[in-house]
Amino acid sequence: DTEVTQTPKHLVMGMTNKKSLKCEQHMGHRAMYWYKQKAKKPPELMFVYSYEKLSINESVPSRFSPECPNSSLLNLHLHALQPEDSALYLCASSQGKTGQETQYFGPGTRLLVL
Amino acid sequence: QKEVEQDPGPLSVPEGAIVSLNCTYSNSAFQYFMWYRQYSRKGPELLMYTYSSGNKEDGRFTAQVDKSSKYISLFIRDSQPSDSATYLCAMSRPQGAQKLVFGQGTRLTINP
Numbered sequence: 001d002t003e004v005t006q007t008p009k010h011l012v013m014g015m016t017n018k019k020s021l022k023c024e025q026h027m028g029h030r031a032m033y034w035y036k037q038k039a040k041k042p043p044e045l046m047f048v049y050s051y052e053k054l055s056i057n058e059s060v061p062s063r064f065s066p067e068c069p070n071s072s073l074l075n076l077h078l079h080a081l082q083p084e085d086s087a088l089y090l091c092a093s094s095q096g097k098t099g100q101e102t103q104y105f106g107p108g109t110r111l112l113v114l
Numbered sequence: 001q002k003e004v005e006q007d008p009g010p011l012s013v014p015e016g017a018i019v020s021l022n023c024t025y026s027n028s029a030f031q032y033f034m035w036y037r038q039y040s041r042k043g044p045e046l047l048m049y050t051y052s053s054g055n056k057e058d059g060r061f062t063a064q065v066d067k068s069s070k071y072i073s074l075f076i077r078d079s080q081p082s083d084s085a086t087y088l089c090a091m092s093r094p095q096g097a098q099k100l101v102f103g104q105g106t107r108l109t110i111n112p
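Protein chains in written order, with my numbering: chain U, 1 to 114; chain E, 1 to 112.
Keep in mind the hints are simulated off the structure, nothing from the lab.
Check each hint, because a few of them may be wrong.
Said to hold, decoys possible - When the alpha-carbon atoms are kept at most 30 Å apart in a straight line, the in silico DSSO-like pairs for lysine-lysine are as follows:
(1) E/K70 x U/K19
(2) E/K67 x U/K53
(3) U/K41 x U/K19
(4) E/K67 x U/K19
To be verified - Just a sample of chain E residues kept apart from chain U, beta carbon distances all over 12 Å, derived:
(5) Q6
(6) S26
(7) S28
(8) F61
No residue lacks a Cβ here, since even glycine has one placed at the ideal position from N, Cα and C.
Hey, can you work out the whole structure from these sequences and the hints?
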């Protein structure tokens with residue numbers, strides 16, 4: 001089973017709202033990722049957690065706040081977003097072992113910021 | 001110059017044709033190569049993963065890597081309308097393998 005699940009599938013929020021995106025995997029992977037994808041563009045890496053510790057932050061604005069409660073779960077907390085943050089937000093996971101970083105993606109959360 | 005170049009297409013072929021999708025790269029440090037398929041409004045799905053030069057086959061799909069030319073390809077045989085999607089190549093270095101570098105993606109349409 002190579003399934004990564006994400007909730008919600010769609011989210012509409014105002015610029016003053018606080019919301020969270022959730023991601024879960026049960027493959028025993030120890031690395032989890034958040035990506036942002038705009039239309040007709042490839043995914044852009046935002047954050048990487050390795051063994052529940054933040055290992056990569058691609059200079060993402062602080063209005064995006066990641067959290068990794070345990071090895072199976074990954075959250076992305078959203079606050080005071082801008083309309084340009086509207087995009088498909090993808091979660092991915094990989095084994096977390098050197099040379100075994102094949103990433104498996106979830107279906108994404110389509111976010112619209114009004 | 002981008003690290004990974006991929007023709008964005010769009011590419012339109014008749015059903016049953018052989019499709020060739022390609023990416024070139026400039027950094028010889030890339031050692032791991034992947035192809036993802038992404039349907040509209042869905043997440044990318046891993047199709048092929050290779051780490052050595054040569055061919056790797058999985059059903060109707062063949063991934064080819066030529067490290068000397070810094071060139072990778074994905075071939076789809078007996079293409080089906082269900083293969084219509086955007087195909088993304090991705091690659092990474094042994095050090096920093098968690099940072100995938102993607103091509104721009106090629107939009108492929110298979111016409112019945």
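Each hint tested on the structure:
1. Restraint check for E/K70 and U/K19: not satisfied, since their Cα atoms lie roughly 43 Å apart, outside the 30 Å limit.
2. For the proposed pair E/K67 and U/K53, the alpha carbon gap of about 34 Å is over 30 Å, so the pair is violated.
3. For a cut-off of 30 Å, the pair hint linking U/K41 to U/K19 stands: about 25 Å separates their Cα positions.
4. A distance of roughly 45 Å separates the Cα atoms of E/K67 and U/K19; the hinted pair therefore is violated under the 30 Å criterion.
5. A beta-carbon of chain U comes within 12 Å of the beta-carbon of E/Q6; the shortest separation is about 9 Å.
6. The claim that E/S26 lies off the interface holds: its Cβ sits roughly 16 Å from the closest Cβ of chain U, which is beyond the 12 Å cut-off.
7. Consistency note on E/S28: stated as away from chain U, and its beta-carbon is indeed over 12 Å from all of that chain's, at 17 Å minimum.
8. The claim that E/F61 lies off the interface holds: its Cβ sits roughly 16 Å from the closest Cβ of chain U, which is beyond the 12 Å cut-off.
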